[in-house]
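Visitor: Produce the entire structure from the sequences given, and follow the hints as far as they go.
One-letter residues, chain by chain:
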Amino acid sequence: MIMVTGGAFQGKTAYTMRKFGLAESDITDGADASFEKLKTARCITNYHLLVKRLGDDCIGFTEELCRTNPEAVIIIDEIGCGIVPVEKSERIWRENVGRCGCIIAANSEKVLRIVCGIPAIIKGENE
Amino acid sequence: MTTLITGGSKCGKSSFAEKMLNDFRGRKIYIATMQPFGEDAFEAIERHRKMRVGKGFETIEKYTDIHEISLDNSCAVLLECIGNLCANEMFSGGTVNAPADKIVSGIKRLADSVSELIIVTNQVGSDGVTYADGTADYIRVLGSINRNIAGFADNVIECVYGIPVLLKGELPC
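If you read the protein sequences in the order shown, they are chains C and D.
Residues in the first sequence are numbered consecutively from 1, following the working numbering.
Residues in the second sequence are numbered consecutively from 1001, following the working numbering.
Honestly, I wouldn't trust all of these hints.
As the list claims (entries may be wrong) - So these bits of chain D aren't anywhere near chain C, every CB distance computed over 12 Å: (1) 1054; (2) 1075; (3) 1127; (4) 1155.
Said to hold, decoys possible - Covered, in the sense of this in silico footprint (three residues per stretch, anywhere, with C-beta under 8 Å from a C-beta of chain C), are these stretches of chain D: (5) 1007-1013; (6) 1131-1141.
Quick caveat, the hints were computed from the structure, so don't treat them as lab data.
Glycine included, C-beta positions come from ideal geometry on N, C-alpha and C.
Guide: Structure, rendered in structure tokens:
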């Protein structure tokens, strides 16, 4: 598994497609694709939005994905570096994104963090 | 040795901080700064307690006035976290004129007296939201505290989804 993270609009998807030779058809959007399709996706974008849709099921779904689709590339925004939200559902979502992100990172042989389109390898070997 | 660990929400900071003290053979002290007010705080405190079970920590609950803690160099200390400590100093009752100076000098004192000090803090300034005065002050003060602790810390580490990213010094484990 490969994880690509960083803030919003840092060029994560463009970099990932270039780096790993992916086509548009390889990309499945966590924001709106069916859960069945996501389970076998080559690459999932907006995983943080998928976590919101999954609600309480997010941990189970993420653990299963790591087991059954270990070749997937997962793109997930970093969203936790701000003030704790007032709204409870927002707080729960933000914490769930942190937990799911930790699971994906632990199961990934490589984790990249993209800033301004530039990757930093924070886990795994440089090539 | 003093190590500052920062990062966002649920990024694995605590787990990493605890792991750093796995091999320490002296007294291990956990300084908890979160006040048990509200359902979220209870849940968080309970979760962190469970994480520490069997790891040999003594817990000291200290919500403000960190400078009052006296420990010697037989101890390793995990202080969690500066985000709560800063909020407590700024917003619970009394009026502290310079919370950043008070907190930083209290922590420096602790760093100079114990064998190992691991400090967990938070990154709160990156959501791009403009907040009202009280919250804006909090972000400013916490940023200043973090910079000052990072100045004297031997190691500074940012956790990103559980992965330690080295910012200063070296990765202890």
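Visitor: Does each hint fit the structure? Answer for all of them.
Guide: Checked hints:
1. 1054: The claim holds: residue 1054/D sits with its nearest Cβ about 21 Å from chain C, beyond 12 Å.
2. 1075: Residue 1075/D is indeed farther than 12 Å from all Cβ atoms of chain C, at 29 Å.
3. 1127: Label violated. Min Cβ-Cβ 3 Å, cutoff 12 Å.
4. 1155: 16 Å, holds
5. 1007-1013: With 6 residues in contact (Cβ-Cβ under 8 Å with chain C), the coverage given for the stretch 1007-1013 of chain D holds.
6. 1131-1141: With 4 residues close enough to chain C, the hint holds.
Hint check: a violation occurs at hint 3 only; the rest are consistent with the structure.
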